[in-house]
Amino acid sequence: MATPFAGYASSERAVREVKPRLPDEERLIGRAAAGETAAFRQLYERHRTDVARLVYRMLGPRSDLEDVVQEVFVQVYKSLKDFRGQSKFSTWLHRVTVNVVLMYRRSARSRPVFADEPPAEPALRSDAIAPDDDAERRERMRAFSRLLARLADKKRIVFVLHELEGIAPTEIAKIVGAPVLTVRTRLFYARREIEEMLAEEPALAGMQLSFSKPSGAGGEP
Amino acid sequence: MSDALEELIRESRHDLGTAESRKVDWAKVDEGLFARIDEERRAERAQLTSAHGRRWTLVAATLAVAAAVALVVGKARDSRSLDAVQETADDGAGSIVGIDGAGEVLIDGRPVAVGAALHLGDVVEARGAQATIDRPGKLTLVVERGSKATVTHVQGALVLALLEGAVEAQVVPVPSGEAFAVDVDRSRVAVHGTHLRVARAGDHVVVDLNEGVVSIGAAPRIGSTLGSLVTAPAHMEFTAAVPEGTLTVSHEGADVRAPLALSTAQTKGAAVAFAPPAQPKLEPSEPHPSAALAAAARGEARPAAPPPATPAAPAIDPDAEGTITGTVRWCMAERPRAENVTVVVNTTLRLELSADGAVRSARFDPPVAPDVNACAVQTIYKTRFAHGGSVAIPIDFRVPSSAP
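From first to last, the protein sequence lines are chains U and G. The numbering of the first sequence is our numbering, which starts it at 19 and goes up by one. The numbering of the second sequence is our numbering, which starts it at 1322 and goes up by one.
Only chain U is shown next, with the shape it has when bound in the complex (with noise of 0.2 Å):
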């Protein structure tokens, strides 16, 4: 039987870009807390496309992504005058994301869903797509986006966080106010999960066949 944290080691090589910390950025996050405008706008402006990724990660393709991605950077400004600095902005600003977006799941849950209304998830706009783009690569992030939404809230918040966003278990622990033990957990689960649900993606599955012939068998190097 597997334990939780078997193959663990292996995942934590997902080390992410790490973006170095410019060098003016605490002073710019006194200046914004201290209610600049301006200091705002430039952090707003700096971490926008990061903030607007990660929501598409963790919410999927929607329409209302500027929306989200808007009433994070309202709660970042009201919430900027109590960041006292004890942790990292970064962990800070993916904590208020993973917050936000909580709040969008549970408010989406509670909505009525009309007969005649489009469906949740939206197919890809076509001008998101660029032309040479490989199409079999597109429908692939396609049908991962589909796995990662069927994944409970708080499975998938760890998975994205530390495989596609490469956050350590340490610090995801601090941007979701649990321990480190439970994330591990929930890691190991949502990988679980995902791994099962592969083959019931066609753009998925064929993938995975690829990966498990055997090597000598023919296949290419």
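Note that these hints are calculated values from the structure, not bench results. One should not assume that every hint holds.
Unchecked claim - Stretch by stretch, here's where chain G covers chain U in the computed footprint (C-beta under 8 Å, at least three residues):
no., stretch
1, 64–71
2, 113–124
3, 155–167
4, 193–206
Ideal placement from N, C-alpha and C gives every residue a C-beta, glycine not left out.
Got chain U; can you put chain G on it based on the hints?
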């Protein structure tokens, strides 16, 4: 983890959401976000104003009851409580009474003229000109050329976050608590009543104190600043991020920058409920600060500060430690508390003395309540020891319950 999942994760790390995040309609987000922020700021101000209104009503009712009680008891009251009430009734940060220089003064990025009011959350920026701000009866403040500050607190004490440059202020002493404070990042320079200038160059902070006492420490979320108490005249320097570990103090008169003449008609006439420690009193050399600043703007020499009168040195107290301990005890006993509460105090007062025995800096370790600190500081700085150096006075006592 299977190879397939590893490969999928590797792809996703690069691809998932990357294109979508770059295609967000940022103009739409910007518009909505900053409209919401404006709304938040308006709501914050409205809430503050209404809170003041409610407090004023409550205070008026309390005063009526208190007056009745005083009549019955026949006990005369001083004007301290009334002063405190009047302080809380003001919800503005003051208004601009002078703009001197060729440039402009902006509030929240918009150019303003003399008479513009300053409110909580406003960012005041002096671009090529100096702004003189008056809070009637409380303080007169100069935001120097090229400086920028945000108003972060207006209830009672005015608190500014200094973003760039320097501010200089003449502050009317208050009976208790703090009258004015300047935050530089996470550190705070708090004053009870004084003349001071706070300047920053990046993280380096320079404070010149011409009068009174300041407290320098980490900016508290609420309440008074528990930091190093420094008495005038003093030139202080520290790093904003770690004021406690980096603070250096010089009491040499030559090191202290000469003050601007800032006393106004309002500050001169204000009622002061306590006498600040014996310090050189700055007398106004100009009728209004804007006149002095106008002279500076015309390229004339900075108005020479009147030489500080040398205060009469207090006599050496043969039982200085006993005097201070007694005062702290008295301050603690005078605090309002429930009848059935016994107060136990265990702290050490650490003093740095000059060669002639005068107290140069004082610090309670661990800190005592801010109001006890403010009460005791007056006596501490007036007490003269028979020797110089450092002194640690253990202060341990109980104030027993007054319940029968």
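Status of each hint after checking the structure:
1. 64–71: Contact hint for the stretch 64–71 of chain U vs chain G: holds, 5 residues under 8 Å.
2. 113–124: Answer violated; 0 residues pass the 8 Å Cβ test.
3. 155–167: Held - the stretch 155–167 of chain U has 5 residues with a Cβ nearer than 8 Å to chain G, which meets the minimum of three.
4. 193–206: violated (count 0)
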